[in-house]
Structure formats: structure tokens, C-alpha cells
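Student: Sequence:
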Amino acid sequence: MAYVSDMIDRTARVLPQTHHADWLLRLPLALVLLQYGFDKFPLSADVAAGWGLPLFLWGLAGVAEIVVALMLVAGGMLRNRIGEVVTRIAGIGAALIVIGVIIVAYWAPPLDLILFNQFHILLLCAGLYLALSAPARKSEQG
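Position one of the sequence shown corresponds to residue 1 (my numbering), numbered consecutively onward.
Where hints are given, some of them may not hold.
Just the calculated beta-carbon pair ranges, DEER-fashion [stated by the list, open to error]:
#1 67 - 122: 20 to 26 Å
#2 114 - 3: 42 to 48 Å
#3 70 - 47: 20 to 26 Å
#4 11 - 100: 40 to 46 Å
#5 27 - 104: 22 to 28 Å
#6 81 - 107: 36 to 42 Å
Treat the hints as calculated values from the structure; they're not laboratory data. Where is the CB? At the ideal position from N, CA and C, for every residue including glycine.
Take the sequences, apply the hints, and build the full model.
Tutor: Okay, here's the thing in C-alpha cells:
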């Protein structure tokens, strides 16, 4: 039995710590938001009107997507209390942005959203995960 316990301890020391695993959510979410944000520029009133949004709101959404994406990366690089707060704010921002996208572009009954819009549901869950798990993830490091 001691052999199994030693083997588990050695394996646990070799495996990466979970506080780095959040990059598997952080980077793809940031890249998607950067793509969405930069696709809105240069601003076009016709494109904004095509989505039923005023130009100001269209531009604000683009800037917010870029800023939140940069905050996701910065929050991961800062492994302290400030990074924790930045990660929480960015996670909330990402979730709000994706909720806005779902409402404006993909609104459907809840079951249809779950069945046919998995991509945006996953983006929403990634943002919520980063917003809600930041302190627990940081305290595990100590």
C-alpha cells in the first residue's frame, strides 16, 4: 500500500498544478473576443444597423470585447490579488458580452439555445468560470 501512496505522490509532483490549467479557458476566450472586437473596426453604420444596433453601441461592444480579452490575459499573468480582481472583472465582462451576443444575434427558446448554440453557451460558461473561481484558484497556490 505504501508503494501506491508513493507512486501517487510522485505523480502529483510531476503533473502541472491546476492554477495553470485556467489558460485552457482563458486563451481561447480571449482570442474569440479579440476576433469579435477587431471585426467591428472600422466602424460601419450599415453593419451596425444590420444587427439592429446604433453605431455607438456597436463601437462600444467592439472596444469592450478587445479590453476584456486583454484583461483575461493580463489577469492570468498577474499571479497576485490584482490579477485575481482583473480576472473576475474580465470573466464577468466576457459573460455579459456573450449574453449580449446571444440576445442580439441568436435569441431562441432556451432549449434551442442549448441544442443549437453550444459555442456561445461554452463561451458564457468559460467567462462565468473565470469570474467565479478566481479566488479559489489563487488560494490553492499558497
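Student: Taking 36 to 42 Å as the stated bounds, is the beta-carbon spacing between residue 81 and residue 107 within them?
Tutor: holds (38 Å)
Student: Is it true that residue 27 and residue 104 lie within 22 to 28 Å of each other by Cβ?
Tutor: holds (25 Å)
Student: Taking the CB of residue 114 and the CB of residue 3, does the distance hold inside 42 to 48 Å?
Tutor: holds (46 Å)
Student: Holds or violated: 40 to 46 Å for the Cβ distance of residue 11 and residue 100?
Tutor: holds (43 Å)
Student: If you check the beta carbons of residue 70 and residue 47, does the distance land in 20 to 26 Å?
Tutor: holds (23 Å)
Student: Please test the hint of 20 to 26 Å on the beta carbon pair from residue 67 and residue 122.
Tutor: holds (21 Å)
Of the numbered hints given earlier, the model fails none.
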